[in-house]
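Chemist: Here are the chains, one letter per residue:
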Amino acid sequence: MTELQGRKVRRVVITGLGVFAAAGKDSASFFANLLEARSTVSRIRQFDPSSLSVQIAAEVPDYNPQDYFPLKRLDLLDRFSQFGLLAAAEAMKSSGIEVREEEQPRFGVVSGSGMGGVNTLEGGYQCLYLNQATRLHPFTIPRMMHNAPTSQICMEFGAQGPAFTTATACSSSGHAIGEAFHLVKFGMADIMLAGGCEAPITFGMIRAWESVRVLASGNGDPSRACRPFSADREGFVLGEGAAMLLLEELEHAKRRGARILAEISGYGLSSDAGHITQPSVEGPARAVRMALEEAQVAPQEVDYINAHGTGTRLNDSTETQVIKKVFGEHARQLAISSTKPMHGHTIGATGAIELVAATMALDRAVIPPTANYTRPDPECDLDYVPNQAREKPLRVAISNSFAFGGLNAVLLIRKFQ
Amino acid sequence: MDTAQKVIEIVAREQHLDASQITIDSQFADLGIDSLDGVNILFALEEEFKIDIPDSIAQNMKSIRQVVDGLTRVMEGKDISDLVAMAKGEVPAATAQ
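Heads up: the protein sequence lines correspond to chains B and P, in order.
Going by our numbering, the first residue of the first sequence is number 1, and it counts up by one from there.
Going by our numbering, the first residue of the second sequence is number 1001, and it counts up by one from there.
Treat the hints as calculated values from the structure; they're not laboratory data.
Please note that a few of the clues may not be correct.
Only pairs whose alpha carbons sit at most 25 Å apart, straight line, appear in this in silico DSS-like list of lysine-lysine [stated by the list, open to error]:
| # | chain 1 | residue 1 | chain 2 | residue 2 |
| --- | --- | --- | --- | --- |
| 1 | P | 1006 | P | 1062 |
| 2 | P | 1062 | P | 1050 |
| 3 | B | 415 | B | 93 |
| 4 | B | 72 | P | 1062 |
| 5 | B | 93 | P | 1006 |
Just so we're clear, the structure is a prediction, and the values are computed from it rather than from any experiment.
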């Protein structure tokens, strides 16, 4: 333990992972799908998408909430909260942790969501505007509020410590995990569940995203619609799901003999302060540098970047410039991949889903590929691990999240030694 | 179907309970109905009976019987000020009856 400006600084490790997403209803099947570059994008099944221009998404397949929750519980759970709780349950279980009663005030939750309970909100507005209802269901607010998943997870697992929700669009769960990491590092908590959840596949949401012209249409061949870093890329595909990681103070983890999957040691965040949708190079670059600096890691030590890699023209070329700017010559030695073709862009959950991918890559020494890569783009000329997983021992991995609104979150993990 | 039976059915449906577990004398607390559940049940009752239940009464209903009495009187357009007072504990229940 060291001191920084009078505060005790502790090491923080990842000891549990949970995923509930299109690419897998648990972390093992999720990572298996990633390694096989199996896309889970298909024609939307939650409603009839026929009248939409974009009719595809990465939805959790064959999901029946009643298989997981009693009816009484479901009354208060929007779909995004359901996903969050399911991912949290796996993270808790896989960590093997049993939080004792006296530890509960030192156990917290930070969860991110960019969109909140849009299923509930949209259903309510349909009643109100379309069906001329004169009042809305009393559970509307407790279901739709952005912090519903955080609160539900706290209640489920008895987390009485620091707890809040982050809402920074596509960086929401990157920020959530970064903040949770700092809460443990600086001694305000010993155990944190951190991650994000999102369920944005609604008629209204797709319509709204369509208008921004960032979605890949690809209705004819959904599984190939998202093609990050490829010359023929044409946008991203919305996805739904959740991921949660159990972060734990190192000595706490050691005392209970926990299996340590990775150490989280760097967090960088920044604002472009430039444009509401158009990304900059300097903003994200500052966030990456900040993460490296906090972790005291040299650029040359980084072996893998799980890219934001949305598959839009602008993101992927900008992100490539960011990597070149920060890593210089080493940018060409790095393995970079975007796992979004497999799990979709889950907005507020994506940072967490991708940090789980990076953690499993580090732990198992195998990098998930960028699926659907067809041909190089002169503006994207680095090693994107195209289409085939690659076995490689990793020392340090980084996960990038760059959000609409120019808010960036970068997480750095390293092999625990 | 009489009002009491209808109320019991709605409470059972909203609470995901078996209607046979509920009687006119059931207390909300004994049925595990908390304040938010109560709001939900009132919403369902308002939808079913096409009425507005005033907040002053709504916030103080604690039993199936109170709900049935309140509903009956709201539907019959009767004065409910004594019910409100009773619910607020301002007058003993016996006098209010």
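Chemist: None of the hints should be skipped; say for each whether it holds.
Modeler: Now the hints, each set against the structure:
Taking the CA atoms of residue 1006 of chain P and residue 1062 of chain P, the gap is near 17 Å; set against the 25 Å cutoff, the hint holds. A distance of roughly 21 Å separates the Cα atoms of residue 1062 of chain P and residue 1050 of chain P; the hinted pair therefore holds under the 25 Å criterion. With a C-alpha separation of about 22 Å, the suggested pairing of residue 415 of chain B with residue 93 of chain B holds against the 25 Å cut-off. For a cut-off of 25 Å, the pair hint linking residue 72 of chain B to residue 1062 of chain P stands: about 20 Å separates their Cα positions.
For the given pair, residue 93 of chain B sits about 44 Å from residue 1006 of chain P by alpha-carbon distance, which is inconsistent with the 25 Å threshold.
Checked against the numbered hints given earlier, this structure breaks only hint 5.
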